[in-house]
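Listed here are the chains, written in short residue letters.
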Amino acid sequence: MVDQPDVTEDIHILLVDDENDFRQIIAKRLKRRGIEVREADRGEKALQMLEDAPVDVVIMDVKMPGMDGIECLKQIKEKYDLLEVIMLTGHADIHGGVEGIKSGAFDYLSKPIELEHLVRKIKQAFHKIQRILAEKEARAFKEQVQQQMVVAERLVALGTMASGVAHEINNPLAVIQDSAGWLQQILEKPDMQGIPRRDDFNKGLERINKAVKRAGKITQQLLQAVKTQTTEMADPSTFVEVDLKKLSEEAITLVEPEAALKNIVIHLETKEPRLSAWTDSLQLLQVLLNLLSNSIQATEEGGRIIVRLNAAMEEAKIIVKDTGCGISKENISRIFEPFFTTKEADQGTGMGLYVSWGIITGLGGLISVESEVNKGTTFTITLPVKK
Amino acid sequence: MFKTTSKIMLVDDEKDFVEMLSLRLKENEENVIAAYNGQECLDTLEKIQVDVIILDVKMPGMDGIETLKQIKKRHPLVEVILLTGHGTIQSAVEGMKLGAFDFLLKPADFKELTEKLTKAKERRKEQMERIQKAEAAILLRQSKI
Ligand SMILES: Nc1ncnc2c1ncn2[C@@H]1O[C@H](COP(=O)(O)OP(=O)(O)O)[C@@H](O)[C@H]1O
Ligand SMILES: [Mg+2]
Chain A
1 MVDQPDVTED IHILLVDDEN DFRQIIAKRL KRRGIEVREA DRGEKALQML
51 EDAPVDVVIM DVKMPGMDGI ECLKQIKEKY DLLEVIMLTG HADIHGGVEG
101 IKSGAFDYLS KPIELEHLVR KIKQAFHKIQ RILAEKEARA FKEQVQQQMV
151 VAERLVALGT MASGVAHEIN NPLAVIQDSA GWLQQILEKP DMQGIPRRDD
201 FNKGLERINK AVKRAGKITQ QLLQAVKTQT TEMADPSTFV EVDLKKLSEE
251 AITLVEPEAA LKNIVIHLET KEPRLSAWTD SLQLLQVLLN LLSNSIQATE
301 EGGRIIVRLN AAMEEAKIIV KDTGCGISKE NISRIFEPFF TTKEADQGTG
351 MGLYVSWGII TGLGGLISVE SEVNKGTTFT ITLPVKK
Chain B
1 MFKTTSKIML VDDEKDFVEM LSLRLKENEE NVIAAYNGQE CLDTLEKIQV
51 DVIILDVKMP GMDGIETLKQ IKKRHPLVEV ILLTGHGTIQ SAVEGMKLGA
101 FDFLLKPADF KELTEKLTKA KERRKEQMER IQKAEAAILL RQSKI
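Protein sequences appear in the order of chains A and B. Here the first sequence stands for residues 1 to 387, numbered as in the working numbering. Here the second sequence stands for residues 1 to 145, numbered as in the working numbering.
In isolation and in its complexed conformation, chain A is listed as follows (with noise of 0.2 Å):
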C-alpha cells in the first residue's frame, strides 16, 4: 500500500485561536493547499461546531481566554476517539506542549509556525486516522469472515442430520399416504357408495393427503438443499453467462402478482447497463425469488422494495431491500438455519433462507444480512464475475 499519498484535498481542518490576524493568515494560506478549514476563535465555540460538522484534524492554541486548549482538548478526545489535535503553544512554552501531548494531542508546535511544518504534521495525522479506520475495518471484516464460518459450520452439522431425518421420514411418508388413498380407493367402489357418513370419511382422508403432501415437500427441499452443499461447489461446467438484470427482472414479474395483493412496488436499480455472473440461473432464480417473497410477507401495505445491482472489480452484488418488519438481533444469527421461521405453520417452512444460503455458496458466493427493527431488511448476495 503507498500509505502516504500527497494529497489534502479530504483533509477538513477546525482552526482554533484567538488572535484573529494570526489565525486568518494561516487559514488562508491552508486553503491555498487545498485544505478545507473552518475557523473559531474560542474553545467553547470549536466545540460547538464540531458537534456541527466534524473534522479529521483539530489545530488549537493552547492559550486561549475562557476554555483553554488543554481543556477543550480533553472534551474533544473524550469525544471524538478518531480526532486528531495539533496543539500551538506560545515561543518557549514547552509546558504547554507536554501537557497537551499528555492529554492526548497528536502533536504540537511552537509558534512562529512555520507553513510547510504544519501542513507535515496535519498530513501525518491525517494518515494516522486513516489507519486506525483501516485497521478497524479489516477488524470486522475478519470478524464477519468468521462468524460467517460459525454460522456455516453449524449449517452444515443441522443440514447433515436434518437430511438423515428427512430420509427415515419419507419412508413412513410413503406408508401413510398410501394407507390413506387406498382407504379412498375402496370408497369409490360401487358397493361403498350409500355407506353412512361418507363425506365425513373423504374429508379426513383428504386431509392427510394434504397434510402428507406438505411433509414430503419440506422433507423435498431438505434434501435438496443439502444435495447443493454437500457436493461443495455446483458444477462450474454448467455455468453460463447470466444476465442479472434480465434475471433479477424475471424474479420480479414472477412475484408480481403476490406484491400487487399488499400494493407493494418493487424496482430494479442498477447504474450498469450491463452485468453479468457465471453461474447457475435457474438455482440463482429460486434465490431472488425465496429472498422476494420474505421480503414481500415482511412489507406493510403500500411498501417498497428494491432490488440493486452493483459491479465492483470481480465481483457482483445482488442487494435485496426492503423496509419491512425487520430482524430482532436474537432472530438474525438463526434465519439462515433449517427449519427456523417466524411465521405460521402453514405460511413459512423456514427452509428458504435455508437453501438459498446452500445455493449461494454452492456458487461460490456469499449471502449476508443487515436488519433494523421496524426499519427494514437488506439482503446481499456477492457472486464472482470470472469463471
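Among chain B residues calculated to face chain A with C-beta under 10 Å, some are:
id	residue
1	12
2	16
3	20
4	21
5	105
6	108
Think of the hints as simulated: they come from the structure by calculation, not from any bench. From the three backbone atoms N, C-alpha and C, an ideal C-beta is built for every residue, glycine too.
Starting from the structure of chain A, add chain B with the ligands where the hints point.
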C-alpha cells in the same frame, strides 16, 4: 377392455409400505406378489413368471441397483420400475442405463405409479407377443420341412 392378468412383484424392505401398496394395486385388480429383499426377489423369479417389478433402490444387503443387474442378467425381458429417494437421483440415472423401464421418486404419487405400470405392462406384452410370433414362425417352418 379387460385387464390383462400380468403379474407384478413389489420389492422393498419396508413391510408396511409393501403391504399398503399391494393392497392399493390389488384394489385396482392387479395381480401382486411381494419380496422383502433383493435375494428373495431373485429366488422368486426362478419359480414364478413375473411381468413387472417395482423395485426400491435403498435396501439393506443387496441394494436395488445390484438386484436390477441380476434381474436383467437372468430375465432380460422383465420390466423394472425403480423407486428412489430424492437424494439418490444418481442411482435412478444409473438404473435407467442398466435397463430399468422407468423410475419414481418416493413417496410416489399413486396415479403416476399406475400410469407407468400400465406402460411397462404394455411393453412387456408386446415383447412377449413378438417372441411368440417368432417362435410360431420357426415351428411353422419346421413343420413344412
Ligand atoms: N425480508 C425479511 N424481513 C423480515 N424478516 C425476514 C426477512 N427474510 C427472512 N426473515 C425472517 O427469517 C425467517 C426465515 O426465513 P425463511 O428461511 O425464508 O423461512 P420462511 O419464510 O418460511 O419463514 C422468517 O420466518 C422471518 O422471520
Ligand atoms: Mg421464506
